[in-house]
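Turn these sequences into a full structure, and let the hints steer you where they fit.
Going down the list, the protein sequences come from chains L and X. Mapping to this note's numbering: the first sequence position 101 is 1332, numbers consecutive. Mapping to this note's numbering: the second sequence position 207 is 556, numbers consecutive.
Derived from the structure by calculation, the hints contain no laboratory data. Remember, predicted model here, so these are calculated numbers, not experimental data. Keep in mind that the hints are not guaranteed to be accurate.
[Stated by the list, open to error] Listed below are the simulated DSSO-like cross-link pairs for lysine-lysine, each with C-alpha atoms no more than 30 Å apart in a straight line: (1) Lys-537(X) / Lys-1304(L); (2) Lys-537(X) / Lys-1367(L); (3) Lys-1304(L) / Lys-1294(L); (4) Lys-1367(L) / Lys-580(X); (5) Lys-1410(L) / Lys-1367(L); (6) Lys-1304(L) / Lys-457(X); (7) Lys-1304(L) / Lys-1410(L).
Residues per chain are reported as follows:
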Amino acid sequence: MLTLQCVGLGKAFGRRWLFRRLSFTVPQGTGLVILGPNGSGKTTLLRLLCGLVQPTEGQVVWKCDEFELSPVKARPLLGAVLPDCEPYEELTAEENLRLVANLRGVSSESVSEWLERVGLANARNQLVREFSSGMKLRLKLAMALIHEPMALLLDEPTAMLDEQGRQLVAELVAEQKRKGIVVIATNDERDVGYGEQQVILGENR
Amino acid sequence: MANNKSFWAKTDERKVQDAECGLRESRTRIFRQPSWLRQVLAIAQKDFQSEWRTRHAVVTTLAFAIIALTLVSLSVGSLRSEPALAAGLLWVILFFAAITALGRTFTKEVDAHTDNLLRLNAQPSAVFVGKMAFNFALLVLVALIAVPLFITLMGLVVKNVAVFVFTVTVTLVAMAALGTILGAMLAKVQSRVALLAVAAFPLFFPALAAALQVTASIFGASPEIGSAPVKALCAYAVASILGGLLLFEEVW
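Pasting the structure below:
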């Protein structure tokens, strides 16, 4: 059982607070949607959840059965699609996915399976620099999910996708919710339905 | 009734077994680290593939080394009678060539927004060793071209090839280890290449001083090659790797 717990979370850059006193709990099998205008700290909150930045106040705890883990310690359980977590442009889709598979200790058969799953099987040997933004997003989804994480963090997952891509994200989110937790930061109202819970940022700034 | 009781007892037993199984799975997921060596090899392989396609670091570093060598040989000619000066010039060229190469390792990750991919997926020590291996290979490639060229252009005689090769290799190991950790520290700083040269010199100095002493002897500055600087150089290279492994997590 995985649970995400944030207690009194706040992040400031210099004297400017992005958000303060944010507390919420996300139980297993739940989707959390983070909403808010540009610059309200949605991506920063996702980065806090996976330990890429440290909170100015409060704390993030991932509870996995009897274990309480900091975001850095919980990384083996997390998969993330973030704007500053890009694939290598000078490598092919397959090479990028194989790199993550090797780093995560996943078998190489999963590489082909995931390329197929996200609809990039025909572009497996194409360099990522030749990819459209939608194809890149599909690859990032595969890279985040190849190790079957218990929690999936997504930043604007449907922003650059066509209808087929949106359907793929909907399927992956539904599947992920059965396995654990999904946290989605979005501006798109169509994505609100992915979550049973909502955090709205930028209201009291 | 008895049958009913045993059914519930079995169900409870199954629930306990399921809970234990779930706990075991969580424990495995949290504490199972993928093979460290597999991570190191994956990171080094990724850097080699990437460099093979762009050839940016190789071209820049080799161009610097060859241009510097040509200018030095044009201005001073043969240095057979000045072994200490020759050793000094060789290490000045290798130092600045190394700075050109080492500065790019993490800078390109930050510029391409790929650094967080490594942070999220790999152990910091594996990133350090993988990057260090790539840096070392790059420096070896530069040395393989620049050093024989330097010796030929300067008309130098190498008294003991084995000790010379060993000295250059160990110094490059120290440079690769220190350059990797400095590169990670300075990757997000503006004017990082200039800063890397300034920050690297005091750290590289003990290795360079020992290497200079041994190289000058090998080029003929003294009749015997002392073992003390070679030992000091080895100790410094080992300390650089261990220091890098211990500190990398803090700076990454």
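(request) Below or equal to 30 Å on CA atoms is what counts here, so check Lys-1367(L) against Lys-580(X). (result) Not OK: Lys-1367(L) and Lys-580(X) at ~51 Å, beyond 30 Å, violated.
(message) Against the 30 Å threshold, does the CA-CA distance of Lys-1304(L) and Lys-1410(L) hold or violate the hint?
(response) This hinted pair holds, its Cα atoms lying about 19 Å apart.
(message) Next pair to validate is Lys-1410(L) with Lys-1367(L); report whether the Cα-Cα distance is within 30 Å.
(response) 25 Å, holds
(message) So if I understand the rule, the pair passes when the alpha-carbon distance is 30 Å or less; does Lys-1304(L) with Lys-1294(L) pass?
(response) 11 Å, holds
(message) Can you confirm whether the C-alpha distance between Lys-1304(L) and Lys-457(X) stays at or below 30 Å?
(response) 26 Å, holds
(message) Tell me if the straight-line CA distance from Lys-537(X) to Lys-1304(L) falls inside 30 Å.
(response) Satisfied, since the Cα-Cα distance of roughly 24 Å is no more than 30 Å.
(request) Starting from Lys-537(X), check that the Cα of Lys-1367(L) is at most 30 Å away, please. (result) 25 Å, holds
Of the numbered hints given earlier, the model fails hint 4 alone.
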